[in-house]
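Undergrad: Sequence:
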Amino acid sequence: MRMLRYALLAVAVLCPSLAQGSQWVQLMPGGGAEARLVTDAASCPPIVIDNQAMAMTARAAPDANFAVLLCSAPVPATATSASIGGVNLPLAAAAPQRILVFGDTGCRITATYIQACNDPKEWPFPQIAAEAALLKPDLVIHVGDYLYREAPCPPGNAACAGSPSGDNWPAWAADFFTPAAPLLAAAPWVFVRGNHEDCARGGPGWLRLLGPLAFDPAAACAAHLPPYAVPLGAMNLVVMDDADAPDPTVAADLVPDYRADFAALATLAKPPLWLAFHRPIWGAVTGPLSVAVGGNRTMIAALDSPDELSGVSLMLAGHIHTFEALNYAGDAPPQLIAGFGGGNLDATPADLSGVNLSGQQVKDGLSLPGFGFLLMTRDGDAWRIDVHKVDGTIEEVCRFANRRLDCAKP
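Adding 5 to a residue's 1-based position in the sequence shown gives its number in our numbering.
These aren't lab readings, by the way, just hints derived from the structure by calculation. Quick caveat: nothing in here was measured; it's all calculated off a predicted structure. Glycine included, C-beta positions come from ideal geometry on N, C-alpha and C. Hints are not guaranteed to be accurate.
[Said to hold, decoys possible] Computed spacing ranges between beta-carbons, pair by pair:
{"#": "1", "residue 1": "Ala84", "residue 2": "Ala355", "range": "41 to 47 Å"}
{"#": "2", "residue 1": "Pro261", "residue 2": "Ala121", "range": "37 to 43 Å"}
{"#": "3", "residue 1": "Ala116", "residue 2": "Gln57", "range": "39 to 45 Å"}
{"#": "4", "residue 1": "Pro261", "residue 2": "Gln57", "range": "18 to 24 Å"}
{"#": "5", "residue 1": "Phe220", "residue 2": "Pro175", "range": "37 to 43 Å"}
{"#": "6", "residue 1": "Lys368", "residue 2": "Pro157", "range": "41 to 47 Å"}
{"#": "7", "residue 1": "Asp396", "residue 2": "Asn123", "range": "57 to 63 Å"}
[As the list claims (entries may be wrong)] Restricting the straight-line Cα-Cα distance to at most 27 Å, the calculated cross-link-like pairs of lysine-lysine (DSS-like) are:
{"#": "8", "residue 1": "Lys414", "residue 2": "Lys141"}
{"#": "9", "residue 1": "Lys394", "residue 2": "Lys414"}
{"#": "10", "residue 1": "Lys394", "residue 2": "Lys141"}
{"#": "11", "residue 1": "Lys368", "residue 2": "Lys394"}
{"#": "12", "residue 1": "Lys368", "residue 2": "Lys414"}
{"#": "13", "residue 1": "Lys141", "residue 2": "Lys126"}
Throw the hints in and build the complete structure from the sequences for me.
TA: Structure follows, in structure tokens:
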């Protein structure tokens with residue numbers, strides 16, 4: 006056994022080319038971390054943990070759409086170092102003190118809409134990832150929607166010329182892995198599934214690359230995954246998959262799944278809980294006459310009682326391409342919406358106080374225009390939330406404590 010470890014270590018040191026490609030660490034259901042690597046090598050390289058070389062396993066073999074090998078290996082919580090091919094991996098913190106949050110990061114190309122992927126001002130995700138990495142977070146939470154390049158770039162269109170499209174490795178690399186590389190190297194991640202990762206769009210690729218469960222290429226695309234908890238020290242993060250939940254109508258066939266998800270909150274982990282999902286239950290968008298409207302009708306129908314959210318102290322979501330901080334009337338926990346990571350922006354009124362979102366009143370709230378990201382820093386029993394612009398400057402500072410958000414200009 007010792008000779009095998011020496012041999013693996015020699016391969017890792019002498020043949021770093023085996024590990025060329027995207028690599029990252031993600032937190033897994035119930036705790037623990039997993040290193041993953043995408044490589045064009047013929048076999049998985051070893052991972053070196055605390056100077057001990059260990060074999061990685063093949064999570065997914067190459068196929069027609071993903072002509073790359075995906076490898077994985079657990080990273081023990083006790084590890085003090087981990088690397089692949091001489092490249093260090095970020096290690097998970099037992100109780101993260103600096104948590105970065107954003108989502109909706111891809112560049113939209115459809116048959117009817119072209120975002121200028123080649124213009125940093127129109128698609129700033131590469132700059133956002135680079136600026137965010139400089140802040141050295143302990144954890145990154147992506148609240149969903151990674152793959153937006155659904156259609157080919159029209160011939161002669163300089164705004165998106167050279168862009169790949171579809172649920173395949175070239176499009177995933179262009180839309181997420183290549184621009185996210187500095188931030189993938191800086192911290193472990195939690196990946197929330199977005200509606201762009203439903204089975205009709207990028208679901209197979211998301212389940213292969215970023216999904217929290219074992220991947221079976223022969224299995225049908227899983228339209229819905231059960232919620233799971235990730236322990237983060239004094240609180241627990243619960244991740245819910247609501248990628249398929251329609252916003253304006255009630256999908257009666259899906260309500261039982263989401264009703265079961267809400268009921269499971271009381272059993273998944275002890276409070277306080279942060280609930281992360283892609284589609285917010287009550288998020289605001291600009292409606293007719295510039296009036297804020299919103300609310301996900303399917304999720305609202307599945308929530309039998311607000312008491313099911315009694316253990317939740319904060320909700321994190323994306324889907325709406327803006328920043329919103331919302332305190333609701335009654336006992337509902339506050340909401341941060343951070344869908345401003347790169348996808349074409351949505352307009353929302355700046356003052357959301359008093360807005361009725363499908364029956365749920367907003368006590369007080371705001372939205373901000375422009376692209377950016379959040380950095381949440383623990384401050385005793387509270388959290389300071391810096392809302393960063395693309396260039397890293399702070400536009401707004403919020404404080405989260407006792408199930409309330411309070412925001413002000415810095």
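Undergrad: Now, for every hint given, state plainly whether the structure supports it.
TA: Hints, one by one, checked against the model:
no.: 1; hint: Ala84 - Ala355: 41 to 47 Å; result: 45 Å, holds
no.: 2; hint: Pro261 - Ala121: 37 to 43 Å; result: 42 Å, holds
no.: 3; hint: Ala116 - Gln57: 39 to 45 Å; result: 51 Å, violated
no.: 4; hint: Pro261 - Gln57: 18 to 24 Å; result: 47 Å, violated
no.: 5; hint: Phe220 - Pro175: 37 to 43 Å; result: 19 Å, violated
no.: 6; hint: Lys368 - Pro157: 41 to 47 Å; result: 46 Å, holds
no.: 7; hint: Asp396 - Asn123: 57 to 63 Å; result: 19 Å, violated
no.: 8; hint: Lys414 - Lys141; result: 23 Å, holds
no.: 9; hint: Lys394 - Lys414; result: 13 Å, holds
no.: 10; hint: Lys394 - Lys141; result: 16 Å, holds
no.: 11; hint: Lys368 - Lys394; result: 26 Å, holds
no.: 12; hint: Lys368 - Lys414; result: 20 Å, holds
no.: 13; hint: Lys141 - Lys126; result: 24 Å, holds
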